[in-house]
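Heads up: the sequence lines are chains Y and U, in that order. For the first sequence, the residue numbers in the working numbering are 477 to 1067. For the second sequence, the residue numbers in the working numbering are 477 to 1067.
Note that these hints are calculated values from the structure, not bench results. Some clues are possibly wrong.
Below, a list of computed lysine-lysine pairs in the DSSO-like style, where the Cα atoms sit at most 27 Å apart [unchecked claim]:
{"hint": "1", "chain 1": "U", "residue 1": "K897", "chain 2": "U", "residue 2": "K929"}
{"hint": "2", "chain 1": "U", "residue 1": "K677", "chain 2": "U", "residue 2": "K929"}
{"hint": "3", "chain 1": "U", "residue 1": "K897", "chain 2": "U", "residue 2": "K1031"}
{"hint": "4", "chain 1": "U", "residue 1": "K929", "chain 2": "Y", "residue 2": "K635"}
{"hint": "5", "chain 1": "U", "residue 1": "K635", "chain 2": "Y", "residue 2": "K635"}
{"hint": "6", "chain 1": "Y", "residue 1": "K929", "chain 2": "Y", "residue 2": "K897"}
{"hint": "7", "chain 1": "U", "residue 1": "K1031", "chain 2": "Y", "residue 2": "K1031"}
{"hint": "8", "chain 1": "Y", "residue 1": "K897", "chain 2": "Y", "residue 2": "K528"}
{"hint": "9", "chain 1": "U", "residue 1": "K819", "chain 2": "U", "residue 2": "K764"}
{"hint": "10", "chain 1": "U", "residue 1": "K677", "chain 2": "U", "residue 2": "K528"}
{"hint": "11", "chain 1": "Y", "residue 1": "K929", "chain 2": "U", "residue 2": "K635"}
{"hint": "12", "chain 1": "U", "residue 1": "K528", "chain 2": "U", "residue 2": "K897"}
{"hint": "13", "chain 1": "U", "residue 1": "K897", "chain 2": "Y", "residue 2": "K1031"}
{"hint": "14", "chain 1": "Y", "residue 1": "K819", "chain 2": "Y", "residue 2": "K528"}
{"hint": "15", "chain 1": "Y", "residue 1": "K897", "chain 2": "U", "residue 2": "K1031"}
{"hint": "16", "chain 1": "Y", "residue 1": "K677", "chain 2": "Y", "residue 2": "K635"}
{"hint": "17", "chain 1": "Y", "residue 1": "K929", "chain 2": "Y", "residue 2": "K528"}
{"hint": "18", "chain 1": "U", "residue 1": "K677", "chain 2": "U", "residue 2": "K897"}
Computed from a predicted model, the values in this text were never measured in an experiment.
2 protein chains.
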Amino acid sequence: SMQTSGSNPCSCPSFKLREVASMYFTMIAVFLVILVVALQGSAPRGSDFPYKVPLDPQGLLELSWNVSYPEQAVNFQLLIRDLQFGLLFGMSDRGEFENADLAVLWSDGHNSYFGDAWSDSRGQLHMDSQQDYQLLAARRAPEGLYLLFRRPFSTCDPKDYLIEDGTVHLIYGILEKPVHSLQAINISAIHGGLQRVQLLKPNITIPELPRDMKTMEITAPNVVIPSQETTYWCYMAELPEDFSKHHIIMYEPVVTAGNEALVHHMEVFQCAAEFDSFPHYNGPCDSKMKPERLNYCRHVLAAWAMGAQAFYYPEEAGLAFGGPGSSRYLRLEIHYHNPLVIKGRRDSSGIRLYYTATLRRHDAGIMELGLVYTPVMAIPPGEDSFVLTGYCTDKCTQLALPAAGIRIFASQLHTHLAGRKVVTVLARDGRERQVVNSDGHYSPHFQEIRMLKEVVAVFPGDELITTCTYNTEERSRATVGGFGILEEMCVNYVHYYPQTQLELCKSAVDPGYLHRYFNLVNRFNDDEVCMCPQVSVPQQFFSIPWNTFNRDVLKSLYGFAPISMHCNKSSAVRFPVRMASLPKKLPAVGK
Amino acid sequence: SMQTSGSNPCSCPSFKLREVASMYFTMIAVFLVILVVALQGSAPRGSDFPYKVPLDPQGLLELSWNVSYPEQAVNFQLLIRDLQFGLLFGMSDRGEFENADLAVLWSDGHNSYFGDAWSDSRGQLHMDSQQDYQLLAARRAPEGLYLLFRRPFSTCDPKDYLIEDGTVHLIYGILEKPVHSLQAINISAIHGGLQRVQLLKPNITIPELPRDMKTMEITAPNVVIPSQETTYWCYMAELPEDFSKHHIIMYEPVVTAGNEALVHHMEVFQCAAEFDSFPHYNGPCDSKMKPERLNYCRHVLAAWAMGAQAFYYPEEAGLAFGGPGSSRYLRLEIHYHNPLVIKGRRDSSGIRLYYTATLRRHDAGIMELGLVYTPVMAIPPGEDSFVLTGYCTDKCTQLALPAAGIRIFASQLHTHLAGRKVVTVLARDGRERQVVNSDGHYSPHFQEIRMLKEVVAVFPGDELITTCTYNTEERSRATVGGFGILEEMCVNYVHYYPQTQLELCKSAVDPGYLHRYFNLVNRFNDDEVCMCPQVSVPQQFFSIPWNTFNRDVLKSLYGFAPISMHCNKSSAVRFPVRMASLPKKLPAVGK
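Start from the sequences and build out the full structure, keeping to the hints where you can.
Okay, structure coming up:
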């Protein structure tokens, strides 16, 4: 409970709410100070706030929320289990404490205050001229203090964060001493952290579930969570023998009570059908003891990350598993995030699959969009936002998609460590029509499968254009495309139905044009970059003397040169589409 | 007066004002309809609305306004001399009727309504969800109906125009028939026009004027305005013999009553001192009868454009004229804009100079910033916003400015027909510090000398960076720099004191690097562009096969290549600064 330094240290704190009367046709905000007494009351029902994440590793701060699309606002419920002299909660571009948009609860030891504030580039707090975090209630309960507040997606305050689809970096800070004013707080100096969530969860109608539905739990067998910050735990599970083809129609997380703040994300992979059997294993994924063969268990069946709820397939489709041509072996991978290095904690978390033998109309499939894994797509060093684009062209969809089209209902974005933004758009007849999925605050550390707000229909002749933005400010040499952790990818795994043979629809720049680029840079800079054909593309990129001209011309090349198209069937046989000239610059969606 | 189609056609119209109660913390606007009776009253005093322009060529619509910087709002007074069934007034990027932000007064024949609306890309009107034009009053007077309304500079409505410094393109339209709803109006189909003004006039403290101040009127001698849309009229005036050195400390327009809508802008130029005498002349500037020698009268003494008020020099400075080394001959140039081709109108407009023999502390000077007039700076065809930048470098200011610096107090931006935006910023120690003058809606048809909101101090070592944005969408070949009307310039004439020897501080790209560019484009495109040295730079630009790559690489070149600096004394002798490497990209002002 909140401590006060007055004569009656056990009394309930009083709350002053600062609210803003938004003046009619003027920019001058008038503050009204309204006194509200904290109510002793029961905690709000969980169903009011369906989404929940712990903010700190100990779970002392627990955030629940709901989204009102008609009102374009998010309602937050923050449970503070051990309130001291206040709390900061807010959002910033990538989780920084500087230039953040904050709701602040603070106490001077006598009274408590709530306000909408922002932190400057030095972390110093300032009151917003317009108060957009609206305090709705403050309730005391045995487990702690509940703060209920509300925030529109978009405010007109330039100091405010714009809540958009995709990842939101939430930050929190704990005030351990009384503060006499908001201006006295410097967020950089206080204890706090960050948590990534998808705040704007889509409003999905849950499809009716069949009567014959069964469940299967793929869970860790009471493992001791290692006392280290990061562990990827691998556990092999097995389907029953003669398990016929079923459809997974839903799955949900099973998180051991008390470990909510430790279980960061979990995935269930199916192994390759080429092998008759896989060894049992239960241990860290990076252990030398892990059998090699487990690397052949990479086909995603289910994926969950903190803050996500149950995943429902659309009623026309299910994800096939079991039956001939499908491996009986599954690999569960759990990412434990244990920054406080808690020792001896046991965990049996995992994923519960809901499946049916009554197959739905369509098998669901996963298609890979974006860039081919090739070094010809590279990012110069020292870039704060370099953009690469991969195309799934009209020619490829023309050949590979059924006349009735496919329906994309979910998407998982993927890059390596330099990725900062990812977006896929659908274009038809040379015009952008629809955003398939977009994350302007993408983090490679938070890769969820996300249900789309609306199912996207893709027809033969449509184009799917995936654009990734990278930050290489900390790097001293070029970052080329590839599989390595310091190489880059630009991928959107789209979940769709009905399944087709097209498993991969990606592009890269034409290598001949890249050769012309190396040539040009060489001549323009009077440099002796080795142009010998035996030198690899990465080596050529590494030898470029980077400057704004060479950087800009590489950008121009990627925007101009023809592309090489990869339009592959599941069997790794390519559809006969290879070269394509680059699609023209398209007018943006909604213009 | 407004006509109504009811039983009493002569009654005064009633006005319904639509106002918005901006809802507390929601995006939903609730419309309150308030009935206000139009008052018979006297016209507001002119001093309340110090700035005035006619909107239409007949002057039936007259706009006056004032600016409240504390409230960040403009108060408008619109006099409608012959109201029919309503009026549209608003603003758009460059004076288009589509995508415009509009205040609309309309009558259905019974009642009149006022609202804030916007026009879509087809000219169709829609009511804004947020009402930001606030009607303050509607008054009947013998001369017509006065509408008083107010608009904040910036609203949060994305459909609204942002009122900024520099040119604002005002548009108007006249409703000649009753309309039953705002949605029934398509602005593209109605009679209207555009007028350019600087809405956000700076709030200048008028300096005290000396007792010995005299006035001199340089006015047209009762000329008959030609019955054609555009006339530039030239009239030669002469200072008295033995007119000693004086300081012009103020000037103001003298516009013949009734011709307010015809006199578009006026300038007084001083002739070159090299010639002992100049012929008399009174006629169109483009006449074959105009003596050649008048082309040597180009030194600006005073300039006025529609909507501008008196121009005051700062109290420390005056513009020198008269005395030895200064020509006695002046040329008055008046731009008559007569789109209705009115015949036989007589005019004696001109400029009244206020001057004093008691010289002020400093002579004022004019310095030219931006780009050298050279074809090496070119704009590819088909560009909607191509940017060129000219530098007045630290090295030049270091050599040419006095240790105490100079003070820039006014600025006149200049480009030819493709110019769309111009901005000059001051940088110090590699960081942008201050915007000297900025016009995001610049028009080559509206080139005023504008007083700066704040005087800008420039010290040795400072840089002045002038950036122009061009539109060449309608052109099929490259636009090169030069003097021709279809060539381009990027210039900011800054008015400052104390006068120095530095008359010109401009740059262009290093010609050697441009040669490398032609070479590169040639090789990359496998084209046979003639690289022979006898081919001129314009010819080489005209022969480039323009595509996005060649365009982007030209941009990159201009951003990367070293510059050639022109740092010239009045005597056309250059200060010894020639080559400079390009200043690094600077962080923007206020970040």
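Here's how the hints hold up against the structure:
no.	hint	in the structure
1	K897/U <-> K929/U	holds (19 Å)
2	K677/U <-> K929/U	holds (8 Å)
3	K897/U <-> K1031/U	holds (17 Å)
4	K929/U <-> K635/Y	holds (25 Å)
5	K635/U <-> K635/Y	holds (21 Å)
6	K929/Y <-> K897/Y	holds (19 Å)
7	K1031/U <-> K1031/Y	holds (12 Å)
8	K897/Y <-> K528/Y	holds (24 Å)
9	K819/U <-> K764/U	holds (22 Å)
10	K677/U <-> K528/U	holds (12 Å)
11	K929/Y <-> K635/U	holds (26 Å)
12	K528/U <-> K897/U	holds (24 Å)
13	K897/U <-> K1031/Y	holds (25 Å)
14	K819/Y <-> K528/Y	holds (25 Å)
15	K897/Y <-> K1031/U	holds (25 Å)
16	K677/Y <-> K635/Y	holds (24 Å)
17	K929/Y <-> K528/Y	holds (19 Å)
18	K677/U <-> K897/U	holds (18 Å)
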